[in-house]
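S.K.: Sequence:
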Amino acid sequence: MDADKQVFGREPDSQFVELAVEVFAMLADATRVRLILALRDGEQSVNHLADIVDKSPAAVSQHLAKLRLAKIVSARQDGQRVFYRLENEHASKLVTDAILQAEHSLGGTPRHHDPQNEATA
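According to the numbering used here, the stretch in the sequence shown is residues 8 to 128, in order.
Read the hints as simulated data drawn from the structure, not as lab findings.
Keep in mind that a hint or two might mislead.
[To be verified] Dumping the calculated DSSO-like pairs for lysine-lysine here, alpha-carbon to alpha-carbon at most 27 Å:
| hint | residue 1 | residue 2 |
| --- | --- | --- |
| 1 | K100 | K62 |
| 2 | K62 | K73 |
| 3 | K78 | K62 |
| 4 | K78 | K100 |
| 5 | K73 | K100 |
Full structure from sequences and hints, please.
M.R.: Here you go:
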């Protein structure tokens, strides 16, 4: 087996497959997906995120705590307020790709494959 492929976990027998499944399980929640989409634009406070996803700050904090344990987001406290940001671009890419894949399930030509919508995809 090629050493580079083994390191990056791109083989079916990679040790990272189980970890990838845990990442997908963490993202298998609509509120968490919405939070990741909201955080694409940068750091946000818990209260602002709660407004964006239309959930209570307490519920959003619980979801963010899980995402933080999974190292998908990180937190910064400023006085009484806590701000969250994406730890890296990978979760955002996963969510974006999942949404693009979901467009395929609607039938017809997905919006992101339509040349007229190319700039917005």
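S.K.: Each hint needs a verdict: does it hold in this structure or not?
M.R.: Here is what the structure says about each hint:
With a C-alpha separation of about 24 Å, the suggested pairing of K100 with K62 holds against the 27 Å cut-off. Between K62 and K73 the CA atoms are separated by roughly 16 Å; this keeps the pair inside 27 Å, and the hint holds. The suggested pairing of K78 with K62 holds, with an alpha-carbon distance near 22 Å, which does not exceed 27 Å. The suggested pairing of K78 with K100 holds, with an alpha-carbon distance near 15 Å, which does not exceed 27 Å.
Restraint check: the Cα-Cα separation between K73 and K100 comes to about 19 Å, which is no more than 27 Å; the hinted pair holds.
The structure shown violates none of the earlier numbered hints.
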